[in-house]
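**Q** Construct the entire structure; sequences and hints are all you get.
Protein chains: 2
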Amino acid sequence: MGDMIRDLPPVASSSSPTTRRNQLFLGTFVHSKTREALEYLHDTAVCVDASGTIVAVEPGYDLRRSETELLPRLGWKVGDVEVHVGGEGHFFFPGFIDTHVHASQYPNVGIFGKSTLLDWLNTYTFPLESSLKDQKKARRVYTACVRRTLAHGTTTSAYYATIDVDATNLLADICLALGQRAFVGRVCMDREGLCPEYYRDESPEDSLRKTRETVDHVRSIDPRSEIVAPILTPRFAPACSSAAMKGLADMQKELDVLVQTHVSENEGEIELVKELYPESESYTDVYDAHGLLGEKTVLAHAIHLSEKEATTIAERGAKISHCPCSNSSITSGAAQVRWLWDKGIDVGLGTDMSGGYSPSILDAARQAALVSRHVAMGLRGEERERAKLTVEEVLYLGTKGGAKVVGLQEKIGGFEVGMQWDAQLIGLPLVDEDGEQGEGGGNVDVFGWESWEDRVAKWLFNGDDRNTKTVWVKGRMVHSRR
Amino acid sequence: MGDMIRDLPPVASSSSPTTRRNQLFLGTFVHSKTREALEYLHDTAVCVDASGTIVAVEPGYDLRRSETELLPRLGWKVGDVEVHVGGEGHFFFPGFIDTHVHASQYPNVGIFGKSTLLDWLNTYTFPLESSLKDQKKARRVYTACVRRTLAHGTTTSAYYATIDVDATNLLADICLALGQRAFVGRVCMDREGLCPEYYRDESPEDSLRKTRETVDHVRSIDPRSEIVAPILTPRFAPACSSAAMKGLADMQKELDVLVQTHVSENEGEIELVKELYPESESYTDVYDAHGLLGEKTVLAHAIHLSEKEATTIAERGAKISHCPCSNSSITSGAAQVRWLWDKGIDVGLGTDMSGGYSPSILDAARQAALVSRHVAMGLRGEERERAKLTVEEVLYLGTKGGAKVVGLQEKIGGFEVGMQWDAQLIGLPLVDEDGEQGEGGGNVDVFGWESWEDRVAKWLFNGDDRNTKTVWVKGRMVHSRR
Numbered sequence: 001m002g003d004m005i006r007d008l009p010p011v012a013s014s015s016s017p018t019t020r021r022n023q024l025f026l027g028t029f030v031h032s033k034t035r036e037a038l039e040y041l042h043d044t045a046v047c048v049d050a051s052g053t054i055v056a057v058e059p060g061y062d063l064r065r066s067e068t069e070l071l072p073r074l075g076w077k078v079g080d081v082e083v084h085v086g087g088e089g090h091f092f093f094p095g096f097i098d099t100h101v102h103a104s105q106y107p108n109v110g111i112f113g114k115s116t117l118l119d120w121l122n123t124y125t126f127p128l129e130s131s132l133k134d135q136k137k138a139r140r141v142y143t144a145c146v147r148r149t150l151a152h153g154t155t156t157s158a159y160y161a162t163i164d165v166d167a168t169n170l171l172a173d174i175c176l177a178l179g180q181r182a183f184v185g186r187v188c189m190d191r192e193g194l195c196p197e198y199y200r201d202e203s204p205e206d207s208l209r210k211t212r213e214t215v216d217h218v219r220s221i222d223p224r225s226e227i228v229a230p231i232l233t234p235r236f237a238p239a240c241s242s243a244a245m246k247g248l249a250d251m252q253k254e255l256d257v258l259v260q261t262h263v264s265e266n267e268g269e270i271e272l273v274k275e276l277y278p279e280s281e282s283y284t285d286v287y288d289a290h291g292l293l294g295e296k297t298v299l300a301h302a303i304h305l306s307e308k309e310a311t312t313i314a315e316r317g318a319k320i321s322h323c324p325c326s327n328s329s330i331t332s333g334a335a336q337v338r339w340l341w342d343k344g345i346d347v348g349l350g351t352d353m354s355g356g357y358s359p360s361i362l363d364a365a366r367q368a369a370l371v372s373r374h375v376a377m378g379l380r381g382e383e384r385e386r387a388k389l390t391v392e393e394v395l396y397l398g399t400k401g402g403a404k405v406v407g408l409q410e411k412i413g414g415f416e417v418g419m420q421w422d423a424q425l426i427g428l429p430l431v432d433e434d435g436e437q438g439e440g441g442g443n444v445d446v447f448g449w450e451s452w453e454d455r456v457a458k459w460l461f462n463g464d465d466r467n468t469k470t471v472w473v474k475g476r477m478v479h480s481r482r
Numbered sequence: 001m002g003d004m005i006r007d008l009p010p011v012a013s014s015s016s017p018t019t020r021r022n023q024l025f026l027g028t029f030v031h032s033k034t035r036e037a038l039e040y041l042h043d044t045a046v047c048v049d050a051s052g053t054i055v056a057v058e059p060g061y062d063l064r065r066s067e068t069e070l071l072p073r074l075g076w077k078v079g080d081v082e083v084h085v086g087g088e089g090h091f092f093f094p095g096f097i098d099t100h101v102h103a104s105q106y107p108n109v110g111i112f113g114k115s116t117l118l119d120w121l122n123t124y125t126f127p128l129e130s131s132l133k134d135q136k137k138a139r140r141v142y143t144a145c146v147r148r149t150l151a152h153g154t155t156t157s158a159y160y161a162t163i164d165v166d167a168t169n170l171l172a173d174i175c176l177a178l179g180q181r182a183f184v185g186r187v188c189m190d191r192e193g194l195c196p197e198y199y200r201d202e203s204p205e206d207s208l209r210k211t212r213e214t215v216d217h218v219r220s221i222d223p224r225s226e227i228v229a230p231i232l233t234p235r236f237a238p239a240c241s242s243a244a245m246k247g248l249a250d251m252q253k254e255l256d257v258l259v260q261t262h263v264s265e266n267e268g269e270i271e272l273v274k275e276l277y278p279e280s281e282s283y284t285d286v287y288d289a290h291g292l293l294g295e296k297t298v299l300a301h302a303i304h305l306s307e308k309e310a311t312t313i314a315e316r317g318a319k320i321s322h323c324p325c326s327n328s329s330i331t332s333g334a335a336q337v338r339w340l341w342d343k344g345i346d347v348g349l350g351t352d353m354s355g356g357y358s359p360s361i362l363d364a365a366r367q368a369a370l371v372s373r374h375v376a377m378g379l380r381g382e383e384r385e386r387a388k389l390t391v392e393e394v395l396y397l398g399t400k401g402g403a404k405v406v407g408l409q410e411k412i413g414g415f416e417v418g419m420q421w422d423a424q425l426i427g428l429p430l431v432d433e434d435g436e437q438g439e440g441g442g443n444v445d446v447f448g449w450e451s452w453e454d455r456v457a458k459w460l461f462n463g464d465d466r467n468t469k470t471v472w473v474k475g476r477m478v479h480s481r482r
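Here the protein sequences line up with chains A and B, keeping their order.
If you read the first sequence in the UniProt record's numbering, its first letter stands for residue 1, the second for the next number, and so on.
If you read the second sequence in the UniProt record's numbering, its first letter stands for residue 1, the second for the next number, and so on.
Calculated from the structure, these hints are not laboratory results.
Note that the coordinates shown come from a computational prediction; the quantities given were computed from them, not determined experimentally.
Ideal Cβ positions, reconstructed from N, Cα and C, are used throughout, including at glycine.
Mixed in with the good hints there might be a few duds.
Cβ pair distances, simulated, as ranges [claimed, not checked]:
#, chain 1, residue 1, chain 2, residue 2, range
1, B, P59, A, E453, 34 to 42 angstroms
2, B, G291, A, A314, 57 to 65 angstroms
3, A, G87, B, D434, 30 to 38 angstroms
4, A, E254, B, D434, 31 to 39 angstroms
5, A, E275, B, E382, 18 to 26 angstroms
6, A, L255, B, G89, 30 to 38 angstroms
7, B, G89, A, L379, 55 to 63 angstroms
8, B, A37, A, L379, 33 to 41 angstroms
9, B, K33, A, E416, 20 to 28 angstroms
**A** Rendered as structure tokens:
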């Protein structure tokens, strides 16, 4: 990460458009046209205004034609426009959207032993999260997490912080300063018994008051939620009192913000929910009964849902964050994305650090392909074939799918006029005639005979942050690598 | 890979020990003590003589004590010895052993769509392999493959090349020149019907004659098989005639070399074997009946074995190469390593490029952990817990386990006196107080409070070739990265 850090642009003091110029991007642009298909726009010009909004997407334009026809049409003077050329072997791709990630667990990535959800929480997770009440430690951990995920092309994250107000506010400050679009949530967990005494909100009132404090802070630093926004975050039903969940549901309606939680991740957890909420028909029903299931709800995991639960989620318009790396790592199970789609539910991807070990949504997309194949192994015939997710589908999950999950489908996830320039420049250098690779290509070797579809597949399966050369959020360059 | 290539040491014209000096390695050494446990040797000195053999492993020695006590004891003059110090945040680890890899398929990594074994062979694999009769293309592909896998710390590979004699011989030349320990096999496939007409040995005699030519070549360039050795390579039962398999079994006994093939990878393949060999009781039985099942046999995959097949394999002392990345990618199934171990079978890891997309055995070890968790998801109670492989177990698979599979357990896979210095230096730099990482740490962030066990877990799950700083085979530095 050394390169990256030296090259980071100076942190702007605000996201004010007056500090920025209009920009022209030239080259190949790849994004999801539909869930099943990527669109490849070659020799294309994309114009981004000083506020970070895409104002033109024009195939068939090189620099010369852009300067003589396109910029004049926009009323932009050639000398005033910042030009970025993708160049040979490069393409622009929408920034990734991580719809479920615990910033506070970042130092624990890869550390999970043979645990499953409930023992993992007690052994690894609660002690680390609790320790972030130390603001110095929190700053170090959150800065590392945001820098690392930006380097992997994550332009938007839905973060869980900890129960600590100051540390949660700090995470929002860091996201704004480093320029990562983020939903930042203070974790609510007030239920006696499951939550450890050393790491618990004192009461439902305490949960709600502290949540309100973080909402107020996030809104004070970014009043129009241009980069950072609050998200209500009841940890999960076993950790929350009914009173707290009801209070958060009311707050959600009042403030009209997103809410995020976990559902049906692990069989032991599901049993526990049954015991704790004997009056509820299912895990999903617990959230529904508390008023927490709506169009602005992001449910992580949803691995072991019943038909009826999936139908309820679809009816409420709630969204699901699929976390394949976490599915496999802590042996939770294999979520069935095709089945969720068949029910009409919107799905995005989450790294779920540190239940998932990887900070990368590219890796999550790869693992979504693999987990879907493990789902397929348990099926027969046509269902088996259908269960497998394609390259195009998993990249959709990581971009447009994620945008829908966090309610930003009009703003991010693709290259269309009116959307924001949240993007990454991907580079895949060629292996030369002697079998040696050019500078900075990372782990992908392109031989030159591959189709564009094959190059994108190679990037999906062997690419990493080394291929992510530059990252922009709302037009601002937030990461670059030589 | 740019850095790596510039830094590659000049290719020595031979592996003659006279060109080399005695070497002293100092720092932390980590290797498998047993299948279940890693040994951490801190403040340790390892002495490697000019032939690449470890002659001392001494805990409690720093440079000063080594110079005053250890080197004199060995009769080595201080000034004549090359010293390598691991340094803070670094450790030496045995080189990885890839027990199943198709060098000829390297350009196709990541390109497999939604295919499974048999259509994957026809769509992607046979056309590429066939094209490597072009020696210039073969040189480019094989060089890229060997450099790439060396960069990932693979010090030994069991390679499938193609049916082409010259290209196969070229692969052996390249391995010897670049210093990667390798078993190099010309692929035998002579059965009409399954093999495409454009890519098939003409007859059993043709298969055997051409195999003998490559064996002779490999033995001529490295008469004592110090770095490269031949391996007989009947592709798999559906692609080989009975006559060819019998001939290869005879050749194996005559030459006392390894033999490698595939078994029980995919359900369609198993059905096909049943049709083609109606007289055989099982897929395994086909090889057994042809005399191909013995202590020097490496069987790739072995996913869907019956109890009886596993027992036969154990009785014959044949070995299994587990290829988890390939298991998941082309939806073959999830091999059951714990069950194979319970049967008493030795197991190693294979990347199986390009059925598996990743060139890295570290990644294969990671995927072995994940695939074992998918196996576990189908089991209950204690069996479920047991099925999961630990960090220690998957790293064993990639080193000592692999060494047993290729019959080199006395020579490689660990740090013991009398073994060869096939090793890699791993670096895991610290995140500083501001959440920024030092130079060259790649994708792993260490905060400083982690135990050594946790650091190794972090490396397993998020490490990549950037953490592999230097690689040695038989004492020779074959890769380094700044």
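**Q** Decide, hint by hint, whether the structure agrees.
**A** So, going through the hints one by one against the coordinates:
Judged by the Cβ atoms, the range 34 to 42 angstroms given for P59(B) and E453(A) is violated: they are separated by roughly 54 angstroms. Checked against the hint of 57 to 65 angstroms, the pair G291(B) and A314(A) passes, with Cβ atoms roughly 59 angstroms apart. For G87(A) and D434(B), the Cβ-Cβ distance of about 33 angstroms falls inside the hinted range of 30 to 38 angstroms, so the restraint holds. The beta-carbon spacing between E254(A) and D434(B), approximately 38 angstroms, falls within the hinted interval of 31 to 39 angstroms.
For the pair E275(A) and E382(B), the supplied restraint of 18 to 26 angstroms holds, since their beta-carbon distance comes to about 23 angstroms. Taken as a hint, the range 30 to 38 angstroms is violated for the pair L255(A) and G89(B), whose Cβ atoms sit roughly 45 angstroms apart. For the hinted restraint 55 to 63 angstroms between G89(B) and L379(A), the CB-CB distance of approximately 46 angstroms leaves it violated. The given range of 33 to 41 angstroms is respected by A37(B) and L379(A), whose C-beta atoms sit roughly 39 angstroms from each other.
Between K33(B) and E416(A) the beta carbon distance is about 58 angstroms. The supplied range of 20 to 28 angstroms is therefore violated.
The earlier numbered hints that this structure contradicts are 1, 6, 7, 9.
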